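Asks: Protein sequence lines correspond, in order, to chains A and B. The working numbering numbers the first residue of the first sequence as 16 and each following residue consecutively. The working numbering numbers the first residue of the second sequence as 67 and each following residue consecutively.
None of these hints come from the bench; they were simulated from the model. For clarity, every value in this text was computed on a predicted model and none was experimentally measured. Hints are supplied without guarantee of correctness; some may be wrong.
[To be verified] Listed below are the simulated SDA-like cross-link pairs for lysine to any residue, each with C-alpha atoms no more than 20 angstroms apart in a straight line:
hint: 1; chain 1: B; residue 1: K154; chain 2: B; residue 2: G234
hint: 2; chain 1: B; residue 1: K257; chain 2: A; residue 2: D51
hint: 3; chain 1: B; residue 1: K257; chain 2: A; residue 2: A81
hint: 4; chain 1: B; residue 1: K257; chain 2: A; residue 2: L64
hint: 5; chain 1: B; residue 1: K154; chain 2: B; residue 2: G207
hint: 6; chain 1: B; residue 1: K154; chain 2: B; residue 2: D109
hint: 7; chain 1: B; residue 1: K257; chain 2: A; residue 2: A62
hint: 8; chain 1: B; residue 1: K154; chain 2: B; residue 2: A233
hint: 9; chain 1: B; residue 1: K257; chain 2: A; residue 2: V65
hint: 10; chain 1: B; residue 1: K257; chain 2: A; residue 2: T71
hint: 11; chain 1: B; residue 1: K257; chain 2: A; residue 2: T29
hint: 12; chain 1: B; residue 1: K257; chain 2: A; residue 2: L77
hint: 13; chain 1: B; residue 1: K154; chain 2: B; residue 2: W125
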Amino acid sequence: MSERDPMLPEACATARAELGALLDGELDAAARESVDRHLAGCAACRAELVLLRAVTRAVEALPRPAPPEAMRFRLRAAVAAEVAPGHFEVRRTERRVGNRTEFRVTEIAPGRASSSPGLASGQVTLQVIERQSQKRVGGATLFRRTIRYEERRVAS
Amino acid sequence: MQDDRPDEELMQRLARDDAAAFDALFLRRRRGVFSFVLRMVEDAALAEDLTQECFLRVWRARHTYRPTAAFRTWLFTIARRLALDALKRPRVEVAPLDPEIGEGARGPLATAVVARLEAADPERAALARALERAMEAALSGMAAELREAVLLRDSEGLTYDEIAAIAGCPVGTVKSRLNAARARLRAAALKWLEAE
Numbered sequence: 016m017s018e019r020d021p022m023l024p025e026a027c028a029t030a031r032a033e034l035g036a037l038l039d040g041e042l043d044a045a046a047r048e049s050v051d052r053h054l055a056g057c058a059a060c061r062a063e064l065v066l067l068r069a070v071t072r073a074v075e076a077l078p079r080p081a082p083p084e085a086m087r088f089r090l091r092a093a094v095a096a097e098v099a100p101g102h103f104e105v106r107r108t109e110r111r112v113g114n115r116t117e118f119r120v121t122e123i124a125p126g127r128a129s130s131s132p133g134l135a136s137g138q139v140t141l142q143v144i145e146r147q148s149q150k151r152v153g154g155a156t157l158f159r160r161t162i163r164y165e166e167r168r169v170a171s
Numbered sequence: 067m068q069d070d071r072p073d074e075e076l077m078q079r080l081a082r083d084d085a086a087a088f089d090a091l092f093l094r095r096r097r098g099v100f101s102f103v104l105r106m107v108e109d110a111a112l113a114e115d116l117t118q119e120c121f122l123r124v125w126r127a128r129h130t131y132r133p134t135a136a137f138r139t140w141l142f143t144i145a146r147r148l149a150l151d152a153l154k155r156p157r158v159e160v161a162p163l164d165p166e167i168g169e170g171a172r173g174p175l176a177t178a179v180v181a182r183l184e185a186a187d188p189e190r191a192a193l194a195r196a197l198e199r200a201m202e203a204a205l206s207g208m209a210a211e212l213r214e215a216v217l218l219r220d221s222e223g224l225t226y227d228e229i230a231a232i233a234g235c236p237v238g239t240v241k242s243r244l245n246a247a248r249a250r251l252r253a254a255a256l257k258w259l260e261a262e
C-alpha cells in the first residue's frame, strides 16, 4: 500500500509497498525474494496480501459490458461516409429521437449499386430500410441507395 | 466469424483500406474500450459516443499508424484521452471521495476480516454482487488517474509498462497510483465486510 502507516515497522511498510507489484508479477527476482522472505516471517503482511488479492480479483471479475451491436453499423456507415475515392458520393445524417438513434446513409454510385450490409443479431432491435433508384444523367446511370438504420435499446 | 490474426497484422491490412480488418479489430476490442470508457465517464450514452469516436480515430489514422507500440496500447491511449477530455466538460460530475474510504482499518481488523474473506465462497452470487457493488462505488469515487490505472491493470490486464505508455508517465508513477487505488478498494472491501 502506498500510504504508509507510521505505526508499522519499517520492514512491514517496505514489504507492503511491494505487495501490489508482487501480485501483478512486476517485481524483479531480487525484489520478489526480499518480499517473500519478509512474508515468510510476518503473518500480518501475509494477511494483507490475501486481502489485496481478494480485492484485485473482485475488480478483475467486474462485468465488462459491450457497446450496443448497432455501433458496428454506425461505424460502418461513418467509415463509408469517409471513403469517397471518387467512385461514389456518400451523404450521412443522424438524429436522435427519444431513446432511438436514426441515421441515414445515402450513396450515389455511377453505374453500379453497392452491396447491402449484413444485419446484426443481439438485444438491440436494428432495422435497416433501404431504398434504391436509378436515373440517367448525361451518359451515365446513377444508382441511388438510401439505407435507414433504426436502433431501439432494450431496457435492462 | 472470429478473426484470429494479431491486432498488428489487422492494422497493416487496415492501412490498405481493408474495411473487414477494421471490423475485426472493432469486434475484438470494443468490449475493452467501452467498459473502460464507461467506468471512466460513468455515462452510458457518452461512453457509446466516445467508443465510436475512438474507433473512428483508429480508422482515420490507418495510414499514419506505425507499429512501434502494441495496437492495444495505442487504442487505449486514444480512449483514455477521449475519456479525460470528456471528464473536463462540466456536465460530468465525479462523486466526491467518501471520507471514510481511505487507508481504512489496519492490523488486527484486517487480519480478522481476511479470515472472513478466505471463508467466503467466491461462487456465491449474492456475496459476489455485494462486493462488486462496493468495488464499483470505490472506483467511482476515485480520482481519474487512479481509476484508469486500476482498470487498465485489473480489468484489461495491461502491464505497468503499457499503462505508463498510455498514461504518459513513468512506471514508478503507475505503481504508486495502483497502490493508492488499491488502498481505497481495500478500505471499501473492509467497510463492506464490517457491514455484512
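Asks: Which hint numbers doesn't this structure obey?
Replies: Violated: hints 2, 3, 11, 13.
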